[in-house]
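Residue numbers (my numbering), protein chains in the order written: chain A, 4 to 54; chain B, 31 to 289.
No lab work stands behind these hints, which were simulated from the structure alone.
Built from N, CA and C at the ideal position, the CB exists for glycine as well.
Heads up, a few of these hints could be off.
[What the hints assert, rightly or not] Covered, in the sense of this in silico footprint (three residues per stretch, anywhere, with C-beta under 8 Å from a C-beta of chain B), are these stretches of chain A:
id, stretch
1, 6-14
2, 17-28
3, 37-44
Chain by chain, the residues run as shown.
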Amino acid sequence: MHDIGYLVAGYGVTAAALAWYRWRLARRGRRARHLIATLSGRPMRGGGNGR
Amino acid sequence: MKVLDRLLVTVGTRRAQRVLGWLTLLGLAATAVFALAVVPADAEQGDVQRLMYVHVPAAWLAFLSFGVVFLASVAYLRTGRIRWDRVAVASAEIGVLFCVLTLILGSLWGRPVWGTWWTWDPRLTTTVVLLLIYVGYLSLRNVADSPSRRAHWSAVVGVVGFVDVPIVHMSVVWWRSLHQEATVIRPGTPTMDPSMLAALLLGTVAFSVAYGYLMAVRLRVGRLEDHAASTVMSRPSPRARAPRPAPASPQPVGGERHA
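Given only the sequences and the hints, what does the whole structure look like? Please build it.
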């Protein structure tokens, strides 16, 4: 039964780490877009898509 | 170089990122189902051995990330193009994440099998050194005072730091270690049950797709952050924008002027 606890913790930590990093990237992207929009006086786009 | 350039442009599009995102989710879900429900438990270690299907791919991904840091750093030092610096730092960040994950998963696996959360075993020690090298790499970027100096310094660390990757891999061969020796990347055939090997390969492919997805998103964020930084730099400072006060007319010393 203890084994299951380690297993759940391991797979849980993996999923949480990936989700946290993806969330953090989204937040950083939003901040950068917001800053660009504020400083340039142009409305925010959803983009920044590789151009 | 041109092929890599084209690849970077392709994965930079929103459509490619969406496809990679879905593939990542599907791959990770398939790995979890296969590893937890389909593959039999290990005869000696029991269910806890199923941690291998995330621990080994996480370690592989850390190696892959640091390998990309090495290649991008070499490319930067040769060409001086800032794009390679962006690739290197993106990969280093992801590599650090997966290196931490490798250590945590190894610790969770080690506790029931070795009876301890941590031991200064050669494999574990060299992995911690690897993590510290790349944490240092990321910290160094905050110290440099100009973008080109920052890129140059980090490229040098990115090249030199990679030396530890083969040392981590060979540590179980060169020194006495609690950690088991390589069972897949070794001379001869892998010493593993075929169904376990299939689950491990599936996990490795799924994690590699996840790496591609995170890299694509991280590169887009990196471009946005660079754009934001250059926008900030190009704005005149508040002092430069403030209207200059009119030059004061010369006042007689002593204060009051008499008519």
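Status of each hint after checking the structure:
1. Residues of the stretch 6-14 of chain A lying with their CB closer than 8 Å to a CB of chain B number 7, which satisfies the three-residue condition for coverage.
2. For the stretch 17-28 of chain A, the stated coverage by chain B is satisfied: 7 residues place a CB nearer than 8 Å to a CB of that chain, which reaches the threshold of 3.
3. Given as covered by chain B, the stretch 37-44 of chain A passes the check, having 4 residues with a CB less than 8 Å from a CB of that chain where 3 are the minimum.
Going through the hint list in order, the structure satisfies each hint without exception.
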